[in-house]
Amino acid sequence: MKTRFLTLKPSKARIEVVEAGPLKSKGGNDLLYLHGAGGHMPADPLIAALATKYRVVAPLLPGYGQSTGEDGLRDMLDITLHTLDVLEALKLKKPIVVGHSMGGMIAAEMAAIAHTEIARLCLLAPAGLWLDDHPIADIFAKLPYELPGLLFHDAEAGQKLLASGGNMEDPEFLKQFLVMNARRLGMAGKILFPIPDRGLAQRLHRITAKTLIVWGREDVLIPPVYGDAFKKAISKSRLVRIAKAGHAVGQEKPAAVLKAIRDHF
Amino acid sequence: MKFTWFHLMPWPHMPDDFRQKHRSVWVDLPSRMYDPELGHIAYHQYLDQLEYAESVGFDGIGVNEHHANAYGLMPSPNIMAATLTRRTSKAALVVLGNSIALYNPPIRVAEEFAMLDVLSGGRLIAGFPVGTSMDTNYAYGTIPALTREKYAEAHDLIRKAWAADEPFAFNGRYTKLRYVNCWPKPIQKPAPPIFIPGGGSVETYDFCIDNTYSYSYLSYSGYLRAKLLMEGYWKRVEERKVDQSPYRAGFAQVICVADTDAEAEKLYGPHVNYFYNRCLHVYPGFADAPGYRTVKTIQTGALSQFTAAAARDYPNMTWKDLLDGRYVVAGSPETVRQQMEELIKTLRVGNVFCLLHLGNMPNDKVRHSTRLFAEKVMPHLRNMWPEWNNHDDRFWMHPMHEPVPLRAAAE
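The listed protein sequences correspond, in order, to chains F and W. Here my numbering is used: position 62 in the first sequence is 62, and no number is missing along the way. Here my numbering is used: position 59 in the second sequence is 59, and no number is missing along the way.
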């Protein structure tokens, strides 16, 4: 995996882009990956798995990692257009657009708004809908120790994936963690707080892309019933459920998700 | 010095095992715990106490706004202040305040504060808090990272509405009004004095200095721990080259007065315990929504009052711990006087918000402590800022000279 930077005109947002995988000349097709509210995981297992077959390009949203420009993005339309601008600036060739959770919500919005530009779409446990009978847990009121159980079927293994090796007792590390958390979830809150619904339901029908929806059968953050709701609303879509996987389905079962993408596209 | 008798109006009937049974006093505490008929008694007792505070000589009486909680039962402090306009005549009505980002449209605050100022004959002191994260973000759904921008816009609208004598259009990002036309208008011109409750956000220092607002630090951890934060404020005042009037700042302090130090522990110990262990029992996940505080503020190390409270070991703190650490100023009138003098000098404050009702303290004890403070402590603290003639017109109310005498219907 390597990192490069992209400066958008005219917003001047500086975007960190993680790239991995074979070059187009070596047979790798382009794949755009949009992360969830937690950002990339350390040595992200999903990016690593996808990179065995695709040229993965994974930009970080402003507020995440070293990407800047979050003050200029306030709502769903701002963030959707920003991400379309990033896609254009990356000059990818007919990429598969993959988004996880919050990234899936953004990817679905992009495909609904710019449906002539996005032909292949993969949504991994996307946010964006709300069913009164199946409320989504409030990630903004969770404490760090609660996250592994919320994101992973195997919380213990998930804990190891999430751990960044820091010590919360160390005031300097705590301050850095709080700043990082405030930037990331502060940004995510613009489209996910207090309820992760910004009207996507009334736009999903505009999506014309060939669409794959993937859900972990054990997802306790956004329950699998949401997969059925997305499938029903997007005409050319298929839903694949993955066993023994929680909300971070791609990080928990990278090989199974890669296979589902390969089979579908 | 200006002393304001401040009421939080907590729910006084939380059970002894409250901490064990409930994770938070705020946001998700089931409202079945609230009994409206007991609430009726509590409200009237609390309002009586505020009226009593005026009668014994406090300069101001104070109320504030909170939501979805048992810590403070005033979703609308303006309703409480309205009742006080009818049964008081001298004290400033310190509404500290209205969380202006939560009103839709925020012109409502300009209108209601104007109503209160008119009703009270110009006795309103208006507070504009951002609101705690529990109130603003979790209970009222404001997006954390946009809260401060929304607040700033609401402030702009309210000040313009009070200043204007003709209708105008306001094209904000969060509020769009074709006709802003504030009826009624406040008696105090151009606006009632404005106090800003702050908790260490560096941006708030400048906001107060720029607008000649009084910075009010509402803390429950006492004046020793407040010193660093207030020094930061005064340093900023100095850097900005404005005068150092002590009335630019205020501080809230938990106070208990008895005839002797030993008597204070006996009378008030259980209620202080109720306050720190039940009223401040906030789930850390609700204390500080990510994005609510600016990165700059986090970097200066100022955490939420409630994050800090959650981290503190209140259940294991003894009466002595709370007194030694000056979380609570308690004891005989002489003990309290000495410590209040130290508080006022070290923090350099012209306003003190006295928290003399705590948790589940019964009415007779509240009045006892209040009367002792008013009669035996307050008179000795009146001349703390002689170089300012003990008053600063910019930061206190300007009542009408001859308000209409109030009559009860039966008279």
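Take the hints with a grain of salt, since some may be wrong.
Taking beta-carbon pairs under 7 Å as the criterion, some of the chain W residues facing chain F (in silico) [as the list claims (entries may be wrong)]:
1) A163
2) A164
3) P167
4) F286
5) I298
These aren't lab readings, by the way, just hints derived from the structure by calculation. For clarity, every value in this text was computed on a predicted model and none was experimentally measured. The beta carbon of each residue, even a glycine, is placed where N, CA and C say it ideally should be.
Status of the hints after comparison with the structure:
A hinted interface residue such as W:A163 counts as satisfied when its beta carbon comes closer than 7 Å to some beta carbon of chain F; here the least separation is about 28 Å, so the hint is violated. At a threshold of 7 Å, the smallest CB-CB gap from W:A164 to chain F is about 28 Å, leaving the interface hint violated. The beta carbon of W:P167 comes no nearer than 29 Å to any beta carbon in chain F, farther than 7 Å, and the hint placing it at the interface is violated. Checking W:F286 against chain F by beta carbon gives a least distance of about 6 Å; that is within 7 Å, so the hint holds.
Because the closest C-beta pair between W:I298 and chain F is about 5 Å apart, less than 7 Å, the hint holds.
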